[in-house]
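Using the sequences and the accompanying hints, generate a full structural model.
This is what each chain is made of:
2 protein chains.
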Amino acid sequence: MERAVVAGVGMTRFGKHLDTGLKALGREAVLAALADAGIDKSALQAAFVGNAMAGLITGQECIRGQVVLRSAGIGAIPVVNVENACASASTALHQACAMVAAGVYDTVLALGVEKLYHPDKKRSFAAIGSAVDTEEIAKIMEALEQSAATQGATQAKSGAGQKRSMFMDFYAAAARRHMERYGTTARQFAAVAAKNAYHGSLNPHAQFQQALTVDEVLAAPMIAEPLTRPMCSPIGDGAAAAVIVSPSKARELGVPQPVTVDACILRSGWDHELDDEGTVELCVREAYEKAGIGPEDLDVIEAHDASAPAELMYYEEFGLCKPGEGGALIDSGATKIGGRIPVNPSGGLLRKGHPVGATGLAQITELVQQLRGQCGRRQVEGARVGMAQNGGGNIGTDAAAMCVTIVRV
Amino acid sequence: MERAVVAGVGMTRFGKHLDTGLKALGREAVLAALADAGIDKSALQAAFVGNAMAGLITGQECIRGQVVLRSAGIGAIPVVNVENACASASTALHQACAMVAAGVYDTVLALGVEKLYHPDKKRSFAAIGSAVDTEEIAKIMEALEQSAATQGATQAKSGAGQKRSMFMDFYAAAARRHMERYGTTARQFAAVAAKNAYHGSLNPHAQFQQALTVDEVLAAPMIAEPLTRPMCSPIGDGAAAAVIVSPSKARELGVPQPVTVDACILRSGWDHELDDEGTVELCVREAYEKAGIGPEDLDVIEAHDASAPAELMYYEEFGLCKPGEGGALIDSGATKIGGRIPVNPSGGLLRKGHPVGATGLAQITELVQQLRGQCGRRQVEGARVGMAQNGGGNIGTDAAAMCVTIVRV
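Protein sequences, first through last, are from chains A and B. Read in order, the letters of the first sequence are residues 1 to 409 in the working numbering. Read in order, the letters of the second sequence are residues 1001 to 1409 in the working numbering.
Take every hint as true, because none was put in to throw you off.
Straight-line Cα separation of at most 27 Å, DSS-like style, residue types lysine-lysine; simulated pairs: (1) B:K1139 <-> B:K1122; (2) A:K122 <-> B:K1122; (3) B:K1122 <-> A:K121; (4) A:K122 <-> B:K1121; (5) A:K336 <-> A:K322.
Think of the hints as simulated: they come from the structure by calculation, not from any bench.
See below:
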């Protein structure tokens, strides 16, 4: 089986786009990716379109991809609408890469697009709450509240219909377990947020471009202990796209800096105990095997920092350090631009933003531009191999969908 | 590239299942398909899950496949949630077949599941209304009302929030054009509904099992002229599944009557003029080419008779007769069980039912059982080659998604 090649990428700036609809956002990213690839839309043989929540936010369900692509003058080709919560765009990428690598198509579009802002913010949070088994919400919330009470943690009531995402309660509970088990501190989690704020300050596509000190992060309003607001990814709108081609098509097109997809592993979650291999470790292990590399070979990573503690824990799951040493790794500066293995040079979900169904392809956009040396002030010097990790939803005791992608120039 | 093989199929009875949720419906179909294939769920390498409207009906969005499959004890594998309105299940099948044929996997599950009934029926119809460009609903409704007024047709006000599906207005307008152009009669459309009612009366899985005469169809309440109620597919709940394997895996499993997928063509719609090739003709032509057959080689067809006139018009688009001769074909009895080319022996969407995201795989379930000779009183004798046609949504002047599949035993 061949490997797929990323011929072009494009994205909108992420943020609050109350006056811009799904179509305009998607169109901007698609046309940018086509221009970047140097191909005409008529060359596309199929499109995979990720979106998680338009049905619940704008009322557009069922044929979201066709509606968005038609506004960019694209139709008639097979359009597959895919959905995997916050991993919807990675799922579109995974399908596109698998089809191209297997020889089904040689030129395919992967698009992720999301409108998450709604004048009524509760609607946005309720939509995010649909990324779990909705019949179990009451049970899930009870367990989270019990965990917070047991550990004396401060948190506002959350859940469907409330003013913040229940996912922050998941992350807060995991963060408290990490603190108890390994002595990790809230200051170390805050350091992740401050690092990503610095990175975001260098990224013109980032939703937030203001730098923050660790003390500023710690002093911000508490969302769910130990998470203050800048430790939680924001609500956002946006789109990101990639044109995926076969190696022979890349040669035919004369793509100047072809980026090869060495692995794109998709898995669903299940129930697992604390010491079992969860979806992150599983996907990362399979991706390393498929790409024939180890964590020491990575030059740059885009990780799913929906919360700051998540990034710190992923360091361990990626094999960048041993279990329990994530706190020491952030303290060492290794994951900052200029360090040994920069993580989230884009600013990550925390600062670049997190329009859920677009995030996975925004990570790929950042990695491709890093590997091509196009990132200006946030460039990771000499980056040749990058990894993206994108998770979505919750099922049992794990993420519902997880995708890990390794790209190389 | 190899051809994919259907190793097993299963479905629930379609109908009004107010007390049965998505999970129980999906689980029943999945377990039936696994049992039919004679394989354990642990053999599945990936799952493609089609659902169109759970987000708008039950509130379960984002990770519908994981939630349903977990209830059947299936997880950890890649799960891709796909959506293409009424063609969602075919899209799942298309992805499963493409992946298996290309050698990415050798054992894959395709599932379609839908809960469309809601105590508030307006909610069901509003959800169906999301299968168009929702920003254009006002424009679409105005054009439909104008068309009805011009032709002096009787119809109740429809659209989002109303008590019936706007799609019946699309079908009614197309039916009136066919009547004007070719002299087709309402009685001929009614004959399609009566034929499918007879077929449904022989199908224990059908939502409606009562036979109807042509006069009874014509005397039923008018929905949108010339469509009376039995000429319109009903609201329904249900699930259908198929286990797709590679030819070598089929041999390894010793599948007794392997059904080969000779073609599974997916396309999206666009704008086309009345005499242009629309998505149905395009998909059918490509499917015949890929399978190396013509319409004369088909023994049995499951068509997307969301309305009775649609089936009659598809006769022409499938090449079963010349343009304008659909009325004569239904009059001849050729498309009834026992005729030259039986269409919708299951009862079709009109009588077997139409839980939108499940329909495409229910068609495949019927064809597989027909080709194996398992259909009892509704068996099409000696059927060796079957075709399914499944459309979804509306974009421009065409269906948003169309899938045509040819299977052979």
